[in-house]
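Respectively, the protein sequence lines represent chains A, B and C. With full-length UniProt numbering applied, the first sequence closes on residue 288, and no number is skipped along the way. With full-length UniProt numbering applied, the second sequence closes on residue 399, and no number is skipped along the way. With full-length UniProt numbering applied, the third sequence closes on residue 318, and no number is skipped along the way.
It is worth saying that the hints were derived from the structure and are not from the lab. Check each hint, because a few of them may be wrong.
[As the list claims (entries may be wrong)] So the derived list for chain B, only partly shown, Cβ under 8 Å to chain A, looks like this:
1) Ala-39
2) His-201
3) Glu-202
4) Asn-211
5) Ala-213
6) Arg-238
7) Ala-259
8) Asn-268
9) Gly-270
10) Thr-271
[What the hints assert, rightly or not] Stretch-level coverage of chain B by chain A, calculated; a stretch enters the list once three of its residues show a Cβ under 8 Å from a Cβ in chain A:
11) 223-236
12) 240-254
Just so it is clear, CB atoms sit at the ideal spot from N, CA and C, and this is done for glycine as well.
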Amino acid sequence: MLDLINFYLVPGIVLGSIYALGAVGITLVFAILRYAHLAHGDLATLGAFLALAVVSAIGLPVYAALPVAMIVTAGVAVGVDRLFYDYLRERPKIVTVMASLGVALMIRSLVQVIWGVDAESYTRGISRPENWWGIRLKDREIATVAVMIGLVLALQLFLLRTKWGKAMRAMSDNPDLALLSGIDNRKVVTLTWIIVGGLCAASGYFLGLNTELKSLMGWQMLLPMFAAAILGGVGRIEGAVIGGLVVGIAEELSVLVLPSEYKAAMAFAILLVMLLVRPTGLLRGKVL
Amino acid sequence: MRKSSLAFVGVLLGATALAHPASADVKIGLLGGVSGPIAAMAPAMIDAAQLAIQQVNEQGGLLAGENLVGVVGDSGCNPQNATDAATKAVNIEGISAMVGPHCSGAVLAAANSVTIPAGITMITPSGTSPEISKLADKDTVFRTVPSDDYQGRALARTLLERGTGKVAVAYLNNDYGKGLAEAFKAEFEEKGGEIAGFAAHEDGKASYRSNLAELADGGADTLVLFDYGDGTGLTILRQALENGFFETFIGGDGMKSDAPIRELGAENLGTFYASSPVGEQSAGLEAFNAAFKAIGGDPNAIFVTTSYDATFLAALALEKAGGDKAKVHEALREVSNGEGEAILPGEWKKAKELIAAGTAIDYKGAAGDHNFDANGDVPGTYALWRVEGDTFAVETEMK
Amino acid sequence: MEWIGLLNYAVFMAIFIGIYALLAIGLNIQWGFTGLFNAGIAGFFAVGAYVSAILTSPYAEGRIGGFEMPVVIGWLGAMVAAGAIAWPIGKVCLRFRSDYLAIATIGVAEIIRLVIKSEDWLTNSARGITDIPRPFGDLPYVQSQLAYLAIVAAVLLAAYLLVERQIASPWGRMMRAIRDNETAARAMGKDVPFRRLEAFVFGAALMGLGGALFAHLNRAITPEAIDPMVATFLVWIMLILGGSGNNRGAILGVAVVWIIWSMSEILTDRLPAEMAVKAKYIRVFLIGLMLQLVLRFRPEGILPERQREAEISTDSAK
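The following block holds chain A by itself, in its conformation from the complex (with noise of 0.2 Å):
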């Protein structure tokens, strides 16, 4: 019994964390912009390697590299809707779909040209689990649950009790009346691109915390994070949270009933006979 829960119930928890904090942006965006990103996973990688410039150029310790990478990758994020989504917005969603695509090529290969193509990692050495009453848990993965829920739940405070927050509820539940009741879309949208941002930088430093960092890192990451937020009920953070969480927990328990070569299609697996029997999604999905 421990064993599941050291072996595949922990590691899909942490794993299944880092997929929601993708989730949760993806769901966003389709949420608010109605379009699905497919850059997501390229700037969580870009997110990850700007927390490696900051501990190693810098030397700031690791846990404060996620503020400082978060900052950095919301800004990224808002220039990149800037320079190449914004002036699509009135055309059909498809053509910024294929946008984001192009965007994700590019940041790849920025962050290839700038940091290179070796395996690199935040610290060197390995970091063996403590004994929580029978439970191995490291540092690391409690605060990779930690800050995703602490994440989860300001942005829930935020668009539950801001000014802005409504805005933006206001503008995914039906644009054209926001637009009516003098809501300024621009901020919005911006608004969006900053929450996406730090999102995707948080899920790509926890993917490298717990592992390592690659140049593709982020990409191999996004079928999945797209698999959670649909399961999840597409433009629902919350079920974007769980979607991740079956997601992750899946993925690790399906070695025992399912060749571990199959590991990868587990999530899909889940996401067709969800469709199939519930296709709103876990949580009924606002949009869409």
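Put chains B and C on the given structure of chain A with help from the hints.
Positioned in the frame of chain A, the structure of chains B and C alone reads:
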């Protein structure tokens, strides 16, 4: 718009035309998976190939002093990009021989649809699939990396000799990992060993702890890991060490990379061993290591020795063939058939003089002696390496 | 001689453009004319490539095969198999909104890719299938490339004419009606789900044919060829850039994207030799940037969908 897109194509075509500086350069194509899944490995391999080219040019160049030029192409580790890059290298750049591509699927496609019909000799430094041996290639496709089958079997015998009778095997689900794992399994079980876990994994996942737990369930305390040390293999090694799965770790040549030492620390790798090819005369490897270090390369990077050898061999064969593309493949066999004066890595001047004098030469490279068999494969000689200080040292020969 | 080299390169590009044009036309039927978001092109491409490979290649130990059928049978088989895979997917998923179809098809394509990569008995797993016959493959290099180009061009022309005829027919009008205003089409008594399924299966069959042509060109098919980047996303970029809803636009889009993709390498090779490897990353950056530029100046595609005269008045409802 149509005009501007025409203009745009025109600019690109202009760039194509510019690609023909009128000079007597002799070109070798260096195709590698620079973008795509093995992006982390490709740069060092290409650097090693460039080292061979640099040495040739420093020591008198090719034939009557012509400059040898390496034309780098991105094969992207997929057939689409590989055939595209090979077509450009052969037809636009006019290469005389090709080193690469790196991935087996890219090798198969580029060989079948470009180099074999065009009669260009191809030497791949890292395509390990047995399908490459089966190509109807008019004897123009070679490889300097020994087949997975040989290494897997040799590793199985070595482990049994060292008293390891029970292991678990984890392998990357591609032609490289699968080939090694299956050869290892067959030999290990035949010789009386017990495989207590045998599972493939996909590239690029964030967690492999459940895979490790499942493998450890079999009760083995040695994990044999056929993967790349700067890719998923590093993640698995890290997670195994951190969570206390297995005591001893054995890798194939893909794991003999600096990345685990750099990222995990040598102090944590006391029980980590990896097999990797060496020449019968270790002098060849030492000569390469010194030269590669001198240009800032990392001699422990994956497949750098085979890349270097492939390029140096291509240059030797070109010299021997008098620069005639169509004869490179025959010449390649002549300079490496095990008979003649031994040539070590970097000894271009000596080789050039011997070839001019009509003396037979035999290249003994950094990754083995490269006596190609009928399929263009090399048997290879291996050693098992351990981590010592911040690098690898030979633990034992592998028979 | 120089011009022979340039000719060979041009012929190779033309073959590739022809094969990808089949994929783009297949996608155009699904997305451009019917509005079905298929994000799993790689899956149908793979099924076509492998089915044709298995049907036509000689016996190999450890996997099914050894049928050694004529290439034409292989290609027909590829179309039938890709269509047959598309049928149940479409049957189940077409009742959802387009975004769900996207996710479902991505999922199916990834599962197909993993099966192909892992099952020895079916596809020789990661090593792929080799020894696939190539029509006129025994001719010398230039002739065999030209012969293959002729075949690809003939197949493409046939597909193009067939699709154009369908689009111009009442069937095509009905499909556009369904795409632009499903409710109205349904109210007029059109069997919407069945028509969509028809388009989905037809498009998938063309993708399967593209896969088969690709496998026979290289005489080998390996799992690396069905990576989502090169087999799904790339086709989408081609269609959207060229002009969704317009077959000529789709073909032009394929040509433009391939020219950008391929020639950008020649461009970045002009960088100094010390940067030979970095130049390849810069090339990827350039590809991304050029896509942005085309989208910036021609967001509706290089050749947008033609408005058919009789439809203009009704089309404003879009």
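Consistency of the hints with the structure:
{"no.": "1", "hint": "Ala-39", "verdict": "holds, 5 Å"}
{"no.": "2", "hint": "His-201", "verdict": "holds, 5 Å"}
{"no.": "3", "hint": "Glu-202", "verdict": "holds, 5 Å"}
{"no.": "4", "hint": "Asn-211", "verdict": "holds, 5 Å"}
{"no.": "5", "hint": "Ala-213", "verdict": "holds, 4 Å"}
{"no.": "6", "hint": "Arg-238", "verdict": "holds, 6 Å"}
{"no.": "7", "hint": "Ala-259", "verdict": "holds, 5 Å"}
{"no.": "8", "hint": "Asn-268", "verdict": "holds, 5 Å"}
{"no.": "9", "hint": "Gly-270", "verdict": "violated, 12 Å"}
{"no.": "10", "hint": "Thr-271", "verdict": "violated, 13 Å"}
{"no.": "11", "hint": "223-236", "verdict": "holds (count 4)"}
{"no.": "12", "hint": "240-254", "verdict": "holds (count 4)"}
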